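Engineer: Those protein sequence lines, which keep their order, are chains H and Z.
Residues 1 to 464 (this note's numbering) make up the first sequence, in order.
Residues 1 to 303 (this note's numbering) make up the second sequence, in order.
Keep in mind that the hints were calculated from the coordinates and are not lab data.
Here the structure is a predicted model, which means the values were calculated and not measured.
By construction, the Cβ of each residue, glycine as well, lies at the ideal position given by its N, Cα and C atoms.
Treat the hints with caution; some may be incorrect.
To be verified - Short, incomplete list of chain Z residues facing chain H, as computed with Cβ under 7 Å:
| # | residue |
| --- | --- |
| 1 | Val14 |
| 2 | Ala17 |
| 3 | Pro56 |
| 4 | Gly87 |
| 5 | Gln96 |
| 6 | Tyr98 |
| 7 | Asp139 |
| 8 | Ala145 |
| 9 | Lys146 |
| 10 | Arg165 |
| 11 | Leu168 |
| 12 | Leu171 |
| 13 | Asn173 |
| 14 | Pro178 |
| 15 | Gly179 |
| 16 | Thr278 |
Unchecked claim - Below, in silico cross-link-like pairs of lysine to aspartate or glutamate (DMTMM-like), each with a Cα-Cα straight-line distance of 25 Å or less:
| # | chain 1 | residue 1 | chain 2 | residue 2 |
| --- | --- | --- | --- | --- |
| 17 | Z | Lys299 | Z | Asp67 |
| 18 | Z | Lys299 | Z | Asp7 |
| 19 | H | Lys66 | Z | Asp109 |
| 20 | H | Lys66 | Z | Glu91 |
| 21 | H | Lys382 | H | Asp401 |
| 22 | Z | Lys299 | H | Asp239 |
| 23 | H | Lys382 | H | Glu420 |
| 24 | Z | Lys299 | Z | Glu202 |
| 25 | Z | Lys299 | Z | Asp130 |
| 26 | Z | Lys299 | Z | Asp109 |
| 27 | H | Lys66 | H | Glu228 |
| 28 | Z | Lys299 | H | Asp373 |
| 29 | H | Lys382 | H | Asp464 |
| 30 | H | Lys66 | H | Asp190 |
| 31 | H | Lys66 | Z | Asp160 |
| 32 | Z | Lys299 | Z | Asp80 |
| 33 | Z | Lys299 | Z | Glu200 |
| 34 | H | Lys382 | H | Glu368 |
| 35 | Z | Lys299 | H | Glu420 |
| 36 | H | Lys382 | Z | Glu167 |
| 37 | H | Lys66 | Z | Glu271 |
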Amino acid sequence: MTITDVSTAARLGGSKGPGQDASASSATREAGSPSPSKGTLFRFATAGSVDDGKSTLVGRLLHDAKAILADQLDQVQAVSRQRGFAHGDFDFALLTDGLRAEREQGITIDVAYRYFATDRRSFILADCPGHVQYTRNMVTGSATADAVVVLVDARNGIVEQTRRHLAVVSLLRVPHVIIAVNKIDLIGFDEDGFRDIEREALAVADQLGLRDAHVLPVSALEGDNIVERSERTPWYDGDTLIGLLETRPGADESDAATSPLRLPVQLVLRPQGGLSPEVRSPERYRDFRGFAGRIASGQVAVGDRVEVFPGGHTTIVTGILVAGERAEAAVATQSVAVTLAHQLDVARGAVIVAAGTLPAGRREAVVELFQLDAREVIAGSKVLAKHGTATVQALIVEVLDRRDLETLAHEPAAVLAVNEIGRVRLRFAADLPLVPYTTDRAGGSLVLIHPGDGATLAAATVVD
Amino acid sequence: MSTPTIDPLSALDVLEAEAIHIIREVVAEFERPVLLFSGGKDSVLVLHLAARAFAPGRVPFPVLHVDTGHNFPEVIAFRDETVRRLGLRLEVARVQDYIDDGRLAERPDGTRNPLQTQPLLDAIAYGRHDAVFGGARRDEDKARAKERIISLRDEFGQWDPRNQRPELWSLYNGRHLPGQHVRVFPISNWTELDVWSYIERERIPLPPLYFAHEREVFRRDGMWRAVGEVSQPRAGEQVERRVVRYRTVGDMSCTGAVESDAADAASVVAEVARSTITERGATRADDRISEAAMEDRKKDGYF
C-alpha cells in the first residue's frame, strides 16, 4: 500500500487547519469546549462512492472538530505503521472501520456512528459505506438524518453512484443535501471545473425534487472549506461544510414542532400499588392513568382538546409529565405521559392527535418499498408491519413497479430483489392511521418484518 | 390552548427523550427485561432514565450485577443504596463462584472483565430474560460504534456484527426466537461529555470515586492503580498518595484512576471537555490488549 493513494491515506495536518503536527501528542482540546446542554442536536449521514475520499472527509471533520483524541490517534498511527505507512501518515479509514473484517479486507461493511460538537451544535454522523449493500446502508443512515453529505470526486464529477445516492436521499425526504465536490486541489482549484459539476448536481437535485441542495468545493485531505474558508477558492462565496451543517434547521426545531399534535401511545402507565418509593404524595396518583409516548409531531398543553385513534373520541388533556416531571406543555420530540379527562380505551398502538385532525384508518396502502433482505419480495407473502407503536399482519398484494435509480423512473417488475426500490400494494389486518410520507416522515414510515425469523425485511414509505 | 412558542430542544433534551422512548418500547414489547447495573456512571444514567420513563410508577424490571469480585467497596455500597432507594430487586451473578467451582479459571494477568461473559449469559438464561439493558455507548469504542440500539443475540449470546438488522427511523424491531435475546443500549448516542453534562443538570448521585479524592496509588501501564486487596504493587512500583478520580469504574485490578482536582460534576464536565484522551484509553488496561479486544469480547456475548 502506498500513501499516494489519497482515498485511504491522509497526512494529518495538511496545509490548513489546527493540529498541524502529525504527532499524536500535539492533539489538544481547547478550554471552553462546546456544551451539549445548550446546543441543538443535528443528525447527518455521509455517502460517497469508492475512492472519493469519504474516510478522509470523516477523519478530517472529526479531527478538526477535535473529536479524535490522542490515544485514538496513537492507536491508528501504530496500526498504520504496521501496515507500511510512513511515520506521521495515517490510514484515516482505521478510525471509522471498527470491525476486524473491515480492517482486514479494507472495506467498510456497516454504518458507523460518530459524534462531535461545535459551539452551536452536537452532531451525530452516520457514516454510510458506499459500495457493499449501499441501499441498505443509505436507508439506515438517512432515515432519521436531517442532512446527507454526498461526496463527489472533482476529477470525475457526477457519476452513476452519485445519482443513486441522491435518489435514495430524495425518496427518504431528507430535508437537506450537501454535495461536497472533493479533491478540488487535484483540479487546481479550477472554478470552471467546479461550476460544471455544480450545474449538473443542481440539475439532478432539481429533477429528483430535492428541496434544499448545496454544492461546495472542498479538499478533505488539505482541509479547504471544511472548517475554515479556503483562500484557494476565492471564487466560492458560500459557507464551509461545518458552517452549512451548523445552520441547516434540524428536524427537531422546524416542521415537527409546528405540525398538528401526533402522539403514538407506547404503553399505559398505571402504577396503582407499584408507585415509585420516591413519590412523595402517593394519594395524588391513586387513579393515575398516563398515556406514555414520544411526541412525533406538534405540541400539547394542559387543557388541549385531543382525539384518540382508533375510535375518534374527543377528550381534554388534564396533565403532562415530560421525562417524568410535571409540565404545562410539551413539544415534539419529547417523551411524555399525558392524562386525559375521560376514561377511554387507549392502548399501545393508539395515537392521540389534535382535535379535528383524526387520520383515517387504512386497510390498504401503496408504499415505496426499500428491500433490505436477501429474500425477494413477491405478491402473496405475509409479513408483519410496524407503524409507530402498532405492529399488525400485512399481505403483499402486488408488486407494482421498480425504480430506475438513476432517473427514479418506474419500470415494470414482478418482484423486488435486495437493494431494489419499488412500489408495492399492502393490505393490513387492522386499521392503521397512515399519512403520506411526504407530509410526515414519522406518520408515513413502516418496517416490514419476517413473521417467522423476525428479520427486518424492508423499509417502506406511504405513497398513497 | 397550545403555547405558541417553545424553544428548540437542546441536544440533551433530545437524547433524554430518545432513551426514554427506547426503554418504554422494550418494556412494552418484551416479557422479562433486566438492566445491567454495576454502579458505574453509565448504568446509573440508564437506571435514572428508566425511573423517569415510568414515573410515578416504579421501574418495572429488576437489575443485574455481574460481580467480578474485584470491587471498589464504595461502589458496592452505592449500588445497594440505589437499589433500596428505588425499591428494585437486585440479581447478582458472581465470577468468584465460577472460579471457586472450576467453571472459570483465573487469567494470568489477573483481570476478570473478560470472565464476566459466562456468568452474564447464565444469569440471562436463569432469569429467562429476553431483553437486557446496558449502558454501552457508541463513542466508547469503534466496535461499539457499529452496534445497534436493539441488538440480537443468539442462544450462545453471540453478536454477529456482519449480520445486523438495519435500524430504521424510530421503529425498533425486537422480534426474536425462543432462546435468543436482545441487548438494548438506550444511551448509544450519548458521548462521555453528554453523560456528565446530564449528570450535572439532573444532579444524579454517583459513587464518590468519580470525584477527586486522595488515594494510595501506584503507576502501572501509564495509569494510576489503586492499592487494594486485588491490586497490589509489584517490586519496583512505588506507592504514593495522589489526588485522583475515576473516569470509568470496572474490575479494580484493571481500572486506572486519573490525576484530577475535579470535585463535583461541573468540574468534571469542564475536565472532560478539555481531555485529550478517551475514557477507555485513559483507564482500561483490558482494552489495550489488542485493537479488536472489545469486538472479540462482544462476539462472545460480553456487553
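Engineer: Look at each hint and say if it fits the structure.
Structural biologist: Status of the hints after comparison with the structure:
Taking 7 Å as the C-beta cut-off, the interface hint given for Val14(Z) holds, the closest approach to chain H being about 4 Å. For Ala17(Z), the interface hint holds, since its Cβ comes within 7 Å of a Cβ in chain H; the closest pair sits about 4 Å apart. The interface hint given for Pro56(Z) is met, as the beta carbon of that residue sits about 5 Å from the closest beta carbon of chain H, less than 7 Å. This hint holds: Gly87(Z) has a C-beta 4 Å from the nearest C-beta of chain H, less than the 7 Å allowed.
A distance limit of 7 Å between C-beta atoms decides the matter here; for Gln96(Z) the minimum to chain H is near 31 Å, and the interface restraint is violated. Checking Tyr98(Z) against chain H: minimum C-beta separation of about 27 Å lies over 7 Å; hint violated. Checking Asp139(Z) against chain H: minimum C-beta separation of about 5 Å stays under 7 Å; hint holds. Among the interface hints, the one on Ala145(Z) holds; its C-beta lies about 5 Å from the nearest C-beta in chain H, closer than the 7 Å criterion.
Interface restraint check for Lys146(Z): the shortest CB-CB distance to chain H comes to about 5 Å, inside 7 Å, so the restraint holds. For Arg165(Z), the interface hint holds, the least distance from its beta-carbon to any beta-carbon of chain H being 4 Å, beneath 7 Å. At about 5 Å, the closest approach between the beta carbon of Leu168(Z) and any beta carbon in chain H falls short of 7 Å, and the interface hint on this residue holds. Given the 7 Å rule on beta carbons, the hint for Leu171(Z) holds: about 5 Å separates it from the nearest Cβ of chain H.
Hint status for Asn173(Z) relative to chain H: holds, with the closest Cβ pair at about 5 Å, below 7 Å. This hint is violated: Pro178(Z) has a C-beta 11 Å from the nearest C-beta of chain H, more than the 7 Å allowed. With 7 Å as the threshold, the beta carbon of Gly179(Z) stays out of range of chain H, its nearest partner Cβ sitting at about 12 Å, so the hint is violated. Among the interface hints, the one on Thr278(Z) holds; its C-beta lies about 5 Å from the nearest C-beta in chain H, closer than the 7 Å criterion.
Note on Lys299(Z) and Asp67(Z): the hinted pairing holds, with a Cα-Cα distance of about 20 Å set against a maximum of 25 Å. This hinted pair does not check out: Lys299(Z) and Asp7(Z) have alpha carbons roughly 43 Å apart, beyond 25 Å. The suggested pairing of Lys66(H) with Asp109(Z) is violated, with an alpha-carbon distance near 34 Å, which exceeds 25 Å. Proposed proximity of Lys66(H) and Glu91(Z) is contradicted: the alpha carbons are some 41 Å apart, above 25 Å.
At most 25 Å may separate the alpha-carbon atoms for a hinted pair to count; Lys382(H) and Asp401(H) meet this at roughly 19 Å. Of the supplied pair hints, the one linking Lys299(Z) and Asp239(H) is violated, its CA atoms being roughly 43 Å apart against a limit of 25 Å. In summary, the hint linking Lys382(H) to Glu420(H) is supported, as the alpha carbons are separated by about 19 Å, within the 25 Å threshold. For a cut-off of 25 Å, the pair hint linking Lys299(Z) to Glu202(Z) is broken: about 35 Å separates their Cα positions.
Distance hint between Lys299(Z) and Asp130(Z) is fulfilled; the C-alpha atoms sit about 18 Å from each other, no more than 25 Å. The hinted pair formed by Lys299(Z) and Asp109(Z) meets the criterion: a straight-line CA distance of about 21 Å does not exceed 25 Å. For the hint linking Lys66(H) to Glu228(H), the alpha-carbon distance of about 14 Å falls within 25 Å, and the restraint holds. Simply put, Lys299(Z) and Asp373(H) have alpha-carbon atoms about 22 Å apart, close enough for the 25 Å limit, and the pair holds.
With a C-alpha separation of about 20 Å, the suggested pairing of Lys382(H) with Asp464(H) holds against the 25 Å cut-off. With a CA separation close to 30 Å, the supplied pair Lys66(H) and Asp190(H) exceeds the 25 Å bound. For the proposed pair Lys66(H) and Asp160(Z), the alpha carbon gap of about 31 Å is over 25 Å, so the pair is violated. Restraint check: the Cα-Cα separation between Lys299(Z) and Asp80(Z) comes to about 31 Å, which exceeds 25 Å; the hinted pair is violated.
A hinted pair counts as satisfied when its Cα atoms are at most 25 Å apart, and Lys299(Z) with Glu200(Z) does not qualify at roughly 34 Å. Distance restraint check for Lys382(H) and Glu368(H): the Cα-Cα separation of roughly 17 Å lies within the 25 Å cut-off, and the hinted pair is therefore satisfied. For the hint linking Lys299(Z) to Glu420(H), the alpha-carbon distance of about 30 Å lies beyond 25 Å, and the restraint is violated. Between Lys382(H) and Glu167(Z) the alpha-carbon distance is near 21 Å, which keeps this suggested pair within the 25 Å criterion.
A distance of roughly 15 Å separates the Cα atoms of Lys66(H) and Glu271(Z); the hinted pair therefore holds under the 25 Å criterion.
Checked against the numbered hints given earlier, this structure breaks hints 5, 6, 14, 15, 18, 19, 20, 22, 24, 30, 31, 32, 33, 35; the rest are met.
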